[in-house]
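Number of protein chains: 2
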Amino acid sequence: MELKLHSPLDMHLHLRDENMMKLVTPLTTETFAGAVVMPNLVPPVTNLEMLHAYEQRIRESAQGHAFDPYMVLFFKDYTEAELAAAKEHMIGMKLYPAGATTNSEAGVAQIDSVEHVFKMMEEMEIPLMVHGETHGFVMDREAEFMSIYEHLATSFPKLQITMEHITTAKAVEVLDRFENIKATVTLQHLIITLDDVAGGMLNPHLFCKPIAKRPEDREALLEAALSAHPKLMFGSDSAPHPISAKECCGCAAGVFTAPLALARLAQLFNEHDKLDNLQAFVSDNAQRLYGVKPPKKEVTLRQESYAVPEAYEGHGHHVVPMHAGEILDWRVVEVS
Amino acid sequence: MELKLHSPLDMHLHLRDENMMKLVTPLTTETFAGAVVMPNLVPPVTNLEMLHAYEQRIRESAQGHAFDPYMVLFFKDYTEAELAAAKEHMIGMKLYPAGATTNSEAGVAQIDSVEHVFKMMEEMEIPLMVHGETHGFVMDREAEFMSIYEHLATSFPKLQITMEHITTAKAVEVLDRFENIKATVTLQHLIITLDDVAGGMLNPHLFCKPIAKRPEDREALLEAALSAHPKLMFGSDSAPHPISAKECCGCAAGVFTAPLALARLAQLFNEHDKLDNLQAFVSDNAQRLYGVKPPKKEVTLRQESYAVPEAYEGHGHHVVPMHAGEILDWRVVEVS
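Chains as they are written, first to last, in my numbering: chain A, 1 to 336; chain B, 337 to 672.
Here chain A stands alone, though its shape is the one from the complex (with noise of 0.2 Å):
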């Protein structure tokens, strides 16, 4: 069996900077014609010459594949000049809740204190993209953050926001009920629950922000996926660290996922004979959501076996993904 996606789109990605990004950045550009860039490296990309430079630099590592970086300011109490200048530059904003996450310690403490900036991103048809987590009890910290996410679509009914990475039950529910709410889901969270992470061995590297839910969230993203829910997006949330950081005493939160995120997309979505609702969730939705269009990209996958590489190594980096050294069902046999 083949299937043909055109243009994928990865609407929540990590590329991080210097040798880790050229490790990693042609690892997406190969099958995926574009991707949301996440600003959360040390500093933060916090005007448009630092956008401009770290979109130089990853177009610089794309190793020439038809590629568009949709490039994210991180959020901050900006001024109106600076949104407008960097509006025609970036997709949208990244909104933190400060320490929430991997490199957030520069995030937004106490999100009624900037307001007056979601009333000009409205104003400037700016999206949000946030990262709807409390600092609660681990599993209910995204539940927790539905309520903030109501009092922003209801506050600024025109500004468009998006829940990232999205985990639970209840996002799904909001994201029915908010006509100006969109979301992204990872690979990850439509597959693992928190046993997989925790439930037979400690498993660093299922280890991510938010964590994996309960059997029930997982079943209410999965539909929500394989039925084009459409507002719901692919988004990776591909977050390479080096094993160093993941295999020790405290590991850090991200799972990589890129280089093999299509094919088990294809695999999950065939399972459930779903398989042509894939081209809206990882392309068709992203592109009337923000209304981008990305360069023409057909990627050929067909079910065949494909064993997924321990690890990926390059720049002096050792990256291990999601299911490394496991045989998935599918794999990409051509990309054009």
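These are calculated hints, taken from the structure and not from any lab test.
Just so you know, these numbers come straight off a predicted model, no measurement behind them.
The beta-carbon is built from N, C-alpha and C at its ideal position, and this holds for glycine as well.
Keep in mind that the hints are not guaranteed to be accurate.
Said to hold, decoys possible - Incomplete in silico selection of chain A near chain B, CB under 8 Å:
(1) V138
(2) M139
(3) L194
(4) V197
(5) G199
(6) M201
(7) L202
(8) E326
Mind docking chain B on chain A? Use the hints.
Here is chain B on its own, set in the frame of chain A:
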């Protein structure tokens, strides 16, 4: 401030075997007067000869400290003659659902297939100790097992049942409802929640089975312990693993607390102004509930800073304890 504890007991302990046993046994026998030693070796302790030999090896590893190991047979389908022969040499039998935790592969797959053994144990007054987890979702496993405890407690009303290492508010409720059910609780489950295991960085040294649960679960356990609940006993479940099995891809379950347990408990009980209740929790309840008479041992603890070692090393092993490298407020200053 000082506190004297008389003959403290650890009612749930893993001493392992061979070199690991030689390293960790004195770290318990130095301050504890007795301990219930779990039988999940590889292969498990399933006959009187193995039990005697294991007891002998433990006594030889105790470096001359006054200490009684309370031996436990690994639950299986024993004959009445086997039980009769073993009864005087053990404190009880430990039932593991197959595969629920470290070295439990030989455990029971179907509880209802061994009810005749429970019947014999009831008649012969042999206590039953249970690792109470189903194979469900990791956060639900203990709560789901409560119906099995209820079934056992009502079907065998004279069978003495210990819920080992309880981790949930639900287990505290069951403890209060059935006269023939008692329980042990660990140090870590009085202190940590899942947040400490996977809320920030992933912490393999706080990963154990049953996994630490929600804040409201910890509160219920702590309240029961601090109030010297008459059917709740300290059982550290201290479970050493070589560092190679903890800080790796897929780490083993178990927290090593033996050498610092009494100091940390004194600190905890003191923080809540409940020092007077610690003696019941760490010894008197167990003596009354099991009818054991441990050797006399007086442990003096003082409110004084104590740097927990980064690791305990010896016999070719390297074991990282809970609170490694941290400063506690209390320490053991004398044992007599």
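Hint check:
no.	hint	result
1	V138	holds, 4 Å
2	M139	holds, 7 Å
3	L194	holds, 6 Å
4	V197	holds, 7 Å
5	G199	holds, 4 Å
6	M201	holds, 4 Å
7	L202	holds, 4 Å
8	E326	violated, 13 Å
The structure fails to meet hint 8 from the earlier list, while all remaining hints are met.
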